[in-house]
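Those protein sequences? They're chains Z and W, same order as listed. First residue of the first sequence: 1, per the UniProt record's numbering; consecutive thereafter. First residue of the second sequence: 1, per the UniProt record's numbering; consecutive thereafter.
What the hints contain is simulated information worked out from the structure, not anything from laboratory work. Heads up, the beta-carbon is just placed ideally off N, CA and C, and yes, glycines get one too. Wrong hints could be hidden among the right ones.
To be verified - A few chain W residues that face chain Z, going by a derived Cβ cut-off under 8 Å, partial list only:
1) Asp26
2) Ser40
3) Arg76
4) Leu79
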Amino acid sequence: MKALGSSGWKGPVKFRMPTAENLVPIRLDIQSEGQRYKDAFTWNPSDPDNEVVVFAKRTVKDLKLPSAFITQIAQSIQSQLSDFRAYEGQDMYTGEKIIPIKLDLRVNHTLIKDQFLWDLNNFESDPEEFARTLCKDLGVEDPEVGPAVAFAIREQLYEIATQSVASAKESRLSKKSRRGSDHGSASKASGLSMDLVKLFSFKSSVVRKRKDLDVYEPVVDLLTSEEVDALEAREERHAR
Amino acid sequence: MEAIDSSAELELYTIPAQSSWFLWDDIHEIERREFEEFFSESSITRTPKVYKEYRDFIINKFREDTSRRLTFTSIRKFLVGDVNLLQKVFLFLDKWGLINFSPSLNDNDTLSSVDNAKVEQGTPAGIRVTATPNSLRPITAPPLVEQRTVSGVKLPPLTSYSDVFSDSKKPDDVLLCGHCAERCDSAFYQHNKSIVNICEKCFKNGSYGGENNAADDFKLVGDSAAALWTEEETLLLLESVLKHGDDWELIAQSVSTKSRLDCISKLIELPFGEFLMGSTSGRLSSAVPTEDEDTEQVKTDVQEHEETETREENEDEDGPPAKRKRVALISDSDSSLMKQVATMASKVGPSVATAAAKAAIAALCDEASCPKEIFDTGDYTDSTVDRADGDKDTEMEEQREEKDGPQGLPVALRIRASVATALGAAAAQAKILADQEEREMEDLAATVIDQQLKKVQSKLKFLDQLELIMDAEEEVIEGGKETILQERISVLQCAFRSGVTKRWDHTYVK
Numbered sequence: 001m002k003a004l005g006s007s008g009w010k011g012p013v014k015f016r017m018p019t020a021e022n023l024v025p026i027r028l029d030i031q032s033e034g035q036r037y038k039d040a041f042t043w044n045p046s047d048p049d050n051e052v053v054v055f056a057k058r059t060v061k062d063l064k065l066p067s068a069f070i071t072q073i074a075q076s077i078q079s080q081l082s083d084f085r086a087y088e089g090q091d092m093y094t095g096e097k098i099i100p101i102k103l104d105l106r107v108n109h110t111l112i113k114d115q116f117l118w119d120l121n122n123f124e125s126d127p128e129e130f131a132r133t134l135c136k137d138l139g140v141e142d143p144e145v146g147p148a149v150a151f152a153i154r155e156q157l158y159e160i161a162t163q164s165v166a167s168a169k170e171s172r173l174s175k176k177s178r179r180g181s182d183h184g185s186a187s188k189a190s191g192l193s194m195d196l197v198k199l200f201s202f203k204s205s206v207v208r209k210r211k212d213l214d215v216y217e218p219v220v221d222l223l224t225s226e227e228v229d230a231l232e233a234r235e236e237r238h239a240r
Numbered sequence: 001m002e003a004i005d006s007s008a009e010l011e012l013y014t015i016p017a018q019s020s021w022f023l024w025d026d027i028h029e030i031e032r033r034e035f036e037e038f039f040s041e042s043s044i045t046r047t048p049k050v051y052k053e054y055r056d057f058i059i060n061k062f063r064e065d066t067s068r069r070l071t072f073t074s075i076r077k078f079l080v081g082d083v084n085l086l087q088k089v090f091l092f093l094d095k096w097g098l099i100n101f102s103p104s105l106n107d108n109d110t111l112s113s114v115d116n117a118k119v120e121q122g123t124p125a126g127i128r129v130t131a132t133p134n135s136l137r138p139i140t141a142p143p144l145v146e147q148r149t150v151s152g153v154k155l156p157p158l159t160s161y162s163d164v165f166s167d168s169k170k171p172d173d174v175l176l177c178g179h180c181a182e183r184c185d186s187a188f189y190q191h192n193k194s195i196v197n198i199c200e201k202c203f204k205n206g207s208y209g210g211e212n213n214a215a216d217d218f219k220l221v222g223d224s225a226a227a228l229w230t231e232e233e234t235l236l237l238l239e240s241v242l243k244h245g246d247d248w249e250l251i252a253q254s255v256s257t258k259s260r261l262d263c264i265s266k267l268i269e270l271p272f273g274e275f276l277m278g279s280t281s282g283r284l285s286s287a288v289p290t291e292d293e294d295t296e297q298v299k300t301d302v303q304e305h306e307e308t309e310t311r312e313e314n315e316d317e318d319g320p321p322a323k324r325k326r327v328a329l330i331s332d333s334d335s336s337l338m339k340q341v342a343t344m345a346s347k348v349g350p351s352v353a354t355a356a357a358k359a360a361i362a363a364l365c366d367e368a369s370c371p372k373e374i375f376d377t378g379d380y381t382d383s384t385v386d387r388a389d390g391d392k393d394t395e396m397e398e399q400r401e402e403k404d405g406p407q408g409l410p411v412a413l414r415i416r417a418s419v420a421t422a423l424g425a426a427a428a429q430a431k432i433l434a435d436q437e438e439r440e441m442e443d444l445a446a447t448v449i450d451q452q453l454k455k456v457q458s459k460l461k462f463l464d465q466l467e468l469i470m471d472a473e474e475e476v477i478e479g480g481k482e483t484i485l486q487e488r489i490s491v492l493q494c495a496f497r498s499g500v501t502k503r504w505d506h507t508y509v510k
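Turn these sequences into a full structure, and let the hints steer you where they fit.
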C-alpha cells in the first residue's frame, strides 16, 4: 500500500461526469390520463433552463401527448438537473477507480448483455463513442441501440460518481487521514481495486483469464416480436 | 510501399512502410508521445509494461488471421483495463497500419457508408482523345476505373510510345478568318495585339478588317496544311530518307506536298527519326533497289517501330542483307526477339553490327560445323519471290519454309545467329560505353588537377606580389633609416658647434 501511496494519490476533483462531455442522464417515466411516457436521454447541464420547457413542449407535440404532460415532463427534468447541480460543488475522489460496467438492456428487438471495465479517472472517456464502436463491430442495425447503451453507461457512471461524493464527504467528516488512493471509498470498487494492484504489477499479465472471458464478452440477441411482447408484459407486471 | 517485418515466429509479414519504425522489443518515441499517460507514472494501471502488453496482444491477435478485420469489441474482452484507453491503443495501431492494414479490409468503412462503387468508363474530362494524324494508329486514353476501394491502379497507356510533339499542334481547331469568316486552311496571320486572325487571302488582299490596318501588325502563324502528315506522306518520307540519305532537296521532291524544312522537322519528331538520319548519313550507297521494295512488304508488320527498325537493319547491314530480310519475316512469335536484335543493331554503328554479325556467324558455324557460305544467300531471286508474294505473312512463311529445303537453313540456327549477333552488338555497345566512361573519368581527373594547379599558381602569384610590396617597404624603411642617420649627424654637429657637454655625447655614441 505504501508504494501505491506515492504513485497513485490524486487530490479530490470537483464533481462532474467523468466523461469527455459533461452530460447528465435523464430518465423520464410519466403516467397520466391513461398514457405512459418513458424516455431516457442525456442533457447538457449548461443549457439554459428555459430549454427544458421548450423541450417538453416539443416532445408533447411530436408524440401527440395530452398537454398535461408538458408540465410533468418539465418538472421531472428540472428536478433531476437540480439534483445533479447539487453535487456539482462538491469534491469527489476518482483516484484509481476502475469499475466494471454492466449492460443488460433491451432496445426494441435487440437485447444486449455486456460487461467491461471503465476508468472513472479517465476524463476523456466517451460513452457515446464506445456505444458507436460496439454497435458497429457487432453489426447492430437498430439506430436506437447506440444511444441506449451510452445512456446506460452514463447512468452507472453518474451513480458511482455520486457515491464517490458521498463517501468523500463521509470520510472528511470522520476525519480519517487519507493517504494514498481511495481504494476503500466505493465498496464496489474496493474489491476490484485489490485485484488491480495484483493485475497491474510486474508479475502478472493484463490479459484476462480464460474463465472470465465469457463474462466480459458482449452478447447481442435479436428477439422476435412475440418475445418482445412477452418481455414487455413481464416488465409491466414487475413495475406494478 | 511494403516493408518486410519478421515476427518472432519467423514468418514474414508485410506491413505498410509508414509503420516500419515499430519494434517488438521496444516502445518507440511515437508511442511515448501518444500515450503519455502510460509513461508518466501517474497510476498503477498505466505503466509501460501494461502498454506493451496491450499493444503486443492486439497485434498478435490481428496476425492470427491477417485477412479479417480485427474489431475492437472482439479483443476488448481479452484485456483488463479501461475500455476507453484500450480503444485509444487500438485506434492508434489501426491508424499507423500495424493492424488492419490489408487493402481488402479497408472496404468495410466505405461500403457501409457508400453503397455503390463509382466506376468511370471512358476518358476523364481532362484528357482529349483525338486521332492525331501523325501516328499510324490512334492514341487511345486508357479506360480509368475509379472505385472507392483502394486499388487506384492506373492502367498504362496502350500506345507503344507517347506522341509528345503532337500536343503543340491542334489540328482540329478550326480557325476562322476574322475578316472573311472562312476557314483558314493553310497559313493564317495573327494580329499582334488582338486575337484577330485573318487568312492568307485576306492578308494578301490587304483587307485586314476593321482597325487593323498596318500590315506589320500581323505575323504568320502556323502552316496548318504543312502540319498535317498523312500516312502516305510519312511513308514516302521515310522511304525517300532511306533512299536519299541526307539529300533533303530530293526528299522534299519525293514528298511532294511538304517543304524541305517540314520533312526535316517531321523526321525529327518521329521517335526513330534521329536513328534514321544517323544511319543514313553513315551509309554507303550499297542500297539495292530491291530493298526498297522489301520495305513495302515489311511495312505491313505489326508495329511501325519494328517496321522501321527492320528496315533500318536492312540498310545497316552491309553484310548478309538477304539473311536479315528473311529473319525479319519470321513468324510473330519471334518478332519480339527480332525487335530486340533490331534495336541493338541500330544502336551501334553499321560497321560494328556487321562485325558482330560476322563474328557471331563464324562462332556458330564453328560450333555447328557447317559452312559459312550458307549464310551468304545474297541473291535477288529470294527477294523477287518475296516481293511477288505480296503482303501476307502466311505466304511469307511458306516462302521461308520452301527456302528451308534448298538452303538447309533451319530456323533455330538463324535464331541462334541473330541472338549471337545481338549479344555481340550489345557487347560492342557496352565496350563503347565503358570506354566513354573511362574517358570521362580521365577528363574529370584532369580538370581536378588543373584546378589544383591553378590554385597553387594563384597562391604563388599572391606571394610574389607580397614579396614585391615587402621589398618596396624595405627600401622605404632604408631610406627612413638614412634620413634619421643624417638628422642625427646634423644634430651632433650642431651640438658640437654649440659646445654641448660630454655627457650628452656619450648617450649618442653607440
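Consistency of the hints with the structure:
no.	hint	result
1	Asp26	18 Å, violated
2	Ser40	10 Å, violated
3	Arg76	6 Å, holds
4	Leu79	6 Å, holds
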